[in-house]
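Going down the list, the sequences are from chains S and H. In terms of numbering that gives the first Met the number 0, the first sequence opens at residue 0 and continues consecutively. In terms of numbering that gives the first Met the number 0, the second sequence opens at residue 0 and continues consecutively.
Hints were generated in silico from the structure; no laboratory data involved. Treat the hints with care, since some could be wrong.
Using 27 Å as the maximum straight-line C-alpha spacing, the simulated DSSO-like pairs for lysine-lysine come out as follows [stated by the list, open to error]:
1. H:151 to S:166
2. H:195 to S:54
3. S:54 to H:199
4. H:195 to H:247
None of these values were measured; they are calculated from a predicted model.
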Amino acid sequence: MQVIRISSRAASLGALAAAALLTASPAHAVPEGNGIMQGKGFDTCAAPSTTTMQKWWTGTPWSWIGVYVGGAVRGCSQPNLTSTWFNTTYAQGWRYQLIWVGPQAPCTTYSSRISYTTSTAYQQGKDEALKAWTAVHNLGFGNAAGTPIVYDMEGYPNDAACRAAVKSFMQGWVDQLAVAPAQVSGVYGSACASFLQDYASLARPPRYIWAANWDGDPSVYHLSCVSSGSWTNQQRFKQYQGDHNETWGGVTLNIDSNCADGPTAAGGALYPNSSCIVR
Amino acid sequence: MSHSLNRVSKVSFAAAIACLSTLGYQATASAANGVVPWRNQPVAESASAPAAPAPAQHACSASDLKVVPGQQGARRGYATQELRITNRSTESCYILGAPSIELQHPDALVESVSPAAAPAEVAQQRIDLAPDDDAYILIGTPGACEASVGPKRKVAKRVKLFPRGGGNLTLDGVHVDTLCGPAKVLQMEVVQDEPKQAAKAAANAAAAGKSLGLRELTGAITAPESVARGETLRYTVTLTNPTNEAIKLAPCPSYTQSLHTEGRTQNSTYMLNCAGAAGQIPARSSMSFAMEAVVPADMTGLGVKLSWSLQDALSVGTIIPLR
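Okay, chain H solo, but in the shape it has when bound (with noise of 0.2 Å):
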């Protein structure tokens, strides 16, 4: 059985090119044990990058944000608070180093967090916040100290922050407990939500009527045991469909292979054999190609760090001995 289909394949697999060769693509050679050829035809690498927001173009206001408490950590030696912080509005606003904090205590004792504790980097960061776009806060206090091996705290549990952008926001629920020392800010951070983007995507390309395309597959690499310098590293890379829509491969992605060890990457970008794969991925299938790539022969280093990316759908990569 197993024979026979093989056998099917191969018939198939050659009469295929013959009509997708008529169709514009170049015939490669055939199909090995189901893997795609890898097929030689380099590319020069892309340079582009996708193109970045516009700043914005004033600083958040009180009335631009919604701060909700977050987790209460143990970080680096201190005692975090975090704080996030969501845009709102229907602009973009920017935050411009630490902003001022109050530690407002039980007992109606009032802490500042001075903007000019905060680390160098982060009194003189700037993040943007797009509409609806996360970012954290992370205030801390040093978590031990001579004090903290007996009962007594000194905690507070309401901030009220001030953005730049005028107004203040008072938070409730927070834990900053300040026995060992004053708070500060130890670190601000855009929140890089994927699964909020993906699904933001989705839903556009949904309404779209368009699908995600290469963004939709996954991908898995099979690399030898080891390989010698000098050699030709050869490769499979598989990618999944897991869709239930065939993925064109049209127009036909490039992808970039990168060899790595210490101090030294070599890169190299190919067009993907798509007429090898009947120019598509069929639904909730996989397809492997063949790859290669020549290890330079004075790479030093016990181990090569294998990438491959798919243009900017997936990356794939794995690390090899080197011999």
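Excised from the complex, chain S in its bound form (with noise of 0.2 Å):
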């Protein structure tokens, strides 16, 4: 702790007892990495005010929430999205799922889409897992090392050619993802409609998933189309609820409701509402 002095003559007494009681001004900025959080979170297209972040803070069974932080096919602009928010967020409490929507599968009608050649389809991945990195460094998480990245892969038709230019791409996400500073690689999808499971049987496969899986029970292990057996050692997430409205603190947001047993960008918590982590 530093004591500031204070050199002038003409500083009243009260003054400097003040100052007598002051630190330096710390450098703020949200920490790299992660923890493991257990609770709820919300997702929502633009990331809110920071006023209203405090209104769904306080009192609330909300601990984290997902931000749309970059990736060509972002639904909405993000006006309020810079490091000043990551800050004032951080300092009320909140902990992040860091969501890149980058290009989609190319059987799909979406503006911005993959190959269908695999081994374009890799290098595509590695391509939008350094952008990615990129947007994560610049919004104040430093090298962003061992913080957590969620790739959102919205679901697609299953064709069998359009499976494999999804996992291929997966495959080149999880492994830039991986070279130092390494982050930690997400993917979020339909739990049936995006083909999670595809994924466990990668040669190297993401270190969670966010499952969509709106039917209403919280618990991140009860998902359809996921194996029991894949990704049990924390590395779950699950939006049990879609598109609805909530009102916090006389604030109303259109939501969708999370349940994290897993990585959270910047620390986590260990705030369980117990329906999250039921197996």
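Starting from two chains that each stand alone, build the complex the way the hints lay out.
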């Protein structure tokens, strides 16, 4: 702790007393890395204002938020999303799932799609990982070592060539995130329609999954189309309710509701709602 | 050296407290370890909320609005196109329910986006736009279907928007693919553009020759590794003044602390120990304040969520395991 000296002879006694108590201004930043989060979180299209975030923290079940940090098909503009926003909300107590929404499966209508050619798709996965790292770094997460980043791969038709391309793409995503300073790779998608189970058979699978499974059951261990033997060691998130409005602190947001038993950015917290982790 | 400085601090603090007492501040216990001690002065919770702006009197017309294409996205299984709207007029106006929209394809095909297709909450939604306020409308089409496995696409590059207040707006540069199904308005929201609002507030304050006061402060919280039910939680809040001028704690602000576990919240509001801080946070400095809260013995759950808010200026929080 550093004491700041007052040199002005004109300083009042009161000011002197205050000064004697001071510490130097700390350089405040959101830490890189992660921690295990057990608890509820929400995601919404655009990062709410810090005032809204405070209202959604105080006296609520939420302890983390899914934030769309970038990618070619991120759905909403993000005027609030700056390093200052992360600093402020981190101080409020929030932890994060950082979501990257890059090109989607080649057999979809999204405006940006990956290639059907698996070797190209693999390289595209690596390219997206680099872009995601750059975005996270620029948002104040330092070198983002150990920071979880999740790729949002929306659902797509059950077509063999398409599934092969997506698997290859995701291997590229995982491999590039593993390059130092390594991040923690995650994949978000529909439990069934995004074929999340496919990734379990990758040579180097993603470290965790975030499954959209809107059945109203919060337990991350109750997922359709995902084997109970996959991602068992605090490696799961579940989006159990989608597209609805909730009001907390007088502010209404359109959100998806989630549960966590896995790594969140900037640290974790054991704030379990027991329904999230029922086996 | 350190010992000497600490001694000076303590002497100065005691003298200052004596001085402040004569100025009307209540003297408190002396600071320990450079932390302003907690002051047990509860106050009734303030229920005041900022006055809501008056509702707009007329529906937005095309002449009120500027529209530009926003993000082309993937969300909840829909391929989305964001339309960014700004109220460019000098009066507030409102948008009630999803507007009528036409999609115009390069082959001259025109498809209507029916307001009736929007989700119920959007169909009934009203958004008020003050001058220079922004909103977005999110249009979506199903992002995948059997047909999308092949190369054919059905993309509209132009939309026409028909605000209820009259007129229409034509917008090029969008991407709405209706191959897998018709488009609908998925969502409408006022954009909470905090950097823009902060810049306005700073400009207004500067024009009036005032500072933003408490709103300039940033905060951090230091809490123990765990806390036992029925015990007093002791933690520290550090307020930092990043500006080049002292921020006065006058009138002395209150703060509210909140403890929350599953289904239960306990709020309490106190006056900040302004006397212990000599009535200000000096320029480019930080000051730490000791805080206390009793954790109810019957509080359930494995962790307690702590929130501390200094009026409407700033807030800090954390989650602490419960023993």
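Next on the checklist: When the structure is checked against the list of hints, which entries are broken? Sort them ascending.
Outcome noted: Hint check: nothing fails, all pass.
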